[in-house]
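Residue numbers (this note's numbering), protein chains in the order written: chain D, 1 to 395; chain L, 1 to 141.
If you're looking for bench data, these hints aren't it; they were derived computationally from the structure. Here the structure is a predicted model, which means the values were calculated and not measured. Every residue, glycine too, gets a C-beta built ideally from N, C-alpha and C. Among the clues, some could well be false.
Stated by the list, open to error - Sample of chain L residues facing chain D (criterion: CB under 8 Å; computed from the structure): (1) ILE20; (2) LYS33; (3) PHE57; (4) GLY58; (5) LEU82.
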Amino acid sequence: MFVYADNAATTKTSKTAIDAMLPFFDKIYGNPSSLHEVGQIAKEELEKARETVAKCFNAEAREIYFTSGGSEADNQAILTAVKMGERKNKKHIVSTKFEHHAVLHTLQKLEKQGIEVTYVDVNKNGVVKVEDIASAIREDTCLVTVMFANNEIGTIQPIKEIGAICKKRKVIFHTDAVQAAGHINIDVVDMNIDMLSISGHKFHGPKGVGALYARKGIFLTNLIEGGAQERGKRAGTENLPAIVGMAAALKEAVDNIDKHAKYVSALRDKLIRELSKIPHSVVNGDLVNRVPNNVNMCFEGIEGESLLLMLDMEGISASSGSACTSGSLDPSHVLLAIGLPHEVAHGSLRLSLSAENTEEEIDHIIKTVPEVVNYLRKMSPVWDELCKGELNHVI
Amino acid sequence: MLYSKKVMDHFKNPRNVGEIENADGIGEVGNAKCGDIMRIYIKVDNNIITDVKFMTFGCGSAIATSSMATEMIKGKSVDEALELSNKAVVEALDGLPTAKIHCSVLAEEAVRAAIKDYYDKNGIEYDKEKFKDCNCAHCHA
Ligand SMILES: Cc1ncc(COP(=O)(O)O)c(C=O)c1O
Numbered sequence: 001m002f003v004y005a006d007n008a009a010t011t012k013t014s015k016t017a018i019d020a021m022l023p024f025f026d027k028i029y030g031n032p033s034s035l036h037e038v039g040q041i042a043k044e045e046l047e048k049a050r051e052t053v054a055k056c057f058n059a060e061a062r063e064i065y066f067t068s069g070g071s072e073a074d075n076q077a078i079l080t081a082v083k084m085g086e087r088k089n090k091k092h093i094v095s096t097k098f099e100h101h102a103v104l105h106t107l108q109k110l111e112k113q114g115i116e117v118t119y120v121d122v123n124k125n126g127v128v129k130v131e132d133i134a135s136a137i138r139e140d141t142c143l144v145t146v147m148f149a150n151n152e153i154g155t156i157q158p159i160k161e162i163g164a165i166c167k168k169r170k171v172i173f174h175t176d177a178v179q180a181a182g183h184i185n186i187d188v189v190d191m192n193i194d195m196l197s198i199s200g201h202k203f204h205g206p207k208g209v210g211a212l213y214a215r216k217g218i219f220l221t222n223l224i225e226g227g228a229q230e231r232g233k234r235a236g237t238e239n240l241p242a243i244v245g246m247a248a249a250l251k252e253a254v255d256n257i258d259k260h261a262k263y264v265s266a267l268r269d270k271l272i273r274e275l276s277k278i279p280h281s282v283v284n285g286d287l288v289n290r291v292p293n294n295v296n297m298c299f300e301g302i303e304g305e306s307l308l309l310m311l312d313m314e315g316i317s318a319s320s321g322s323a324c325t326s327g328s329l330d331p332s333h334v335l336l337a338i339g340l341p342h343e344v345a346h347g348s349l350r351l352s353l354s355a356e357n358t359e360e361e362i363d364h365i366i367k368t369v370p371e372v373v374n375y376l377r378k379m380s381p382v383w384d385e386l387c388k389g390e391l392n393h394v395i
Numbered sequence: 001m002l003y004s005k006k007v008m009d010h011f012k013n014p015r016n017v018g019e020i021e022n023a024d025g026i027g028e029v030g031n032a033k034c035g036d037i038m039r040i041y042i043k044v045d046n047n048i049i050t051d052v053k054f055m056t057f058g059c060g061s062a063i064a065t066s067s068m069a070t071e072m073i074k075g076k077s078v079d080e081a082l083e084l085s086n087k088a089v090v091e092a093l094d095g096l097p098t099a100k101i102h103c104s105v106l107a108e109e110a111v112r113a114a115i116k117d118y119y120d121k122n123g124i125e126y127d128k129e130k131f132k133d134c135n136c137a138h139c140h141a
């Protein structure tokens, strides 16, 4: 049995998205900037897609800028706020410790250029406290950027409350909603969001396309100079097939958001309930403020990469925050941010579901994970020492 | 594919997993904080390593290198086993990704640690210079 449970990494492109895209390769292939009819038809479709995306967040079409993905949208949002702040001599940013690297690395680069950043702690449930954000805001703060939902542990942040505070304090508020868009309801007006990043491939759209919502009055700074596409804010001939595919996928996701959330969260809860029976395991992240599709657990005494490879052999595609999979010596900064010790964080497993997963697939995971954990524990000197009492259990 | 066929073979079917009761030497290296620990047990008879077993906490390549290293020293003399280099382990596995080379260093260190323990337990003289602790960047980051 093959079970794809890595939907937070990327999703399968939906049939709706593929069908929407296909005519744009050989029929509606004009350049939206061209004045002839083929070009103008393409332009109309581009604007329809913009309208579709805007509606999904209660935004206006002219507030949507298409990008190459979530990373680009994050980069542009942050740089924009810094440039707007410069004019008022505001050089401070508030963010959190567990943002995606698209945000964190951008902030680190800016720190080298003299911008000050406060990385607010998250609690052990992986949720940032609104008061902590409020008290980190200073007179010279030009931006608050807090992710909507965390990509590893799936925790949802109090975005509306943070938005209200930013509005009151007159600070620009950006949220990386890459893991939230199409999965939970987002209303940029109600939530006082000034800028928001999304990425097509996280909700069954194509890869390499995303969007930045920037409220009227936000003066975007270009990352890419060139032609006048995207109202001069993002040069380059639009990737129309991908944009149209993303819009179709997003609409489908948003139209079905409650139905899918109900179905997927039931599968999630079953997984959490059953896998928690494994001794010395822990569920990471708040159980209530959580996207419907995320399961993240640690199993003591084993390492995540070998767990993933074994699961892959059993047909299960998953992910981990171990050092070996994070590509650095340290395990995931997210798991460390919620206070897990290194040795526990190495044994993490993320299963991220979609509405395509079936009950049978979930049962396969429930059967397989305990077997693999047991097998790896049997050959683990750490587990041996824990069993003999030479080491103390942490979880 | 991240790993060679050989690495996957040793990961899927690790040789010599387990422990040896009354082992003549036990070596443990690495630390859980970094994400890998290897423990190697040896049984020595007449200066020959007659049996060897390992337990490893770590990624796929950590398990595969432990497995390969135990296979390479089984039946060898203690002196031959001391000559085992991490490079030889990497070659025997048809290579490792650069980021995983430290696993092979750990395997070499684990073998040496087990032999040192054997020497210590049996009062055998040895050159202390040859048994320095690992100080690769990985374990001391
Ligand atoms: C929270 C978050 N932000 C940003 C990104 C980057 O998106 P993209 O891959 O479209 O650049 C991702 C996905 O990897 C993500 O999960």
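Status of the hints after comparison with the structure:
Proximity of ILE20(L) to chain D is violated relative to the hint, the smallest CB-CB distance being about 13 Å (cut-off 8 Å). Because the beta carbon of LYS33(L) sits about 4 Å from the nearest beta carbon in chain D, less than 8 Å, this interface hint is met. Taking 8 Å as the C-beta cut-off, the interface hint given for PHE57(L) holds, the closest approach to chain D being about 4 Å. For the restraint placing GLY58(L) at the interface with chain D, the shortest Cβ-Cβ distance is roughly 5 Å, inside the 8 Å limit, so the hint holds.
Violation of the interface hint for LEU82(L) is found here, the shortest Cβ-Cβ separation to chain D being roughly 22 Å, above the 8 Å cut-off.
When each numbered hint is compared with the structure, violations occur for hints 1, 5.
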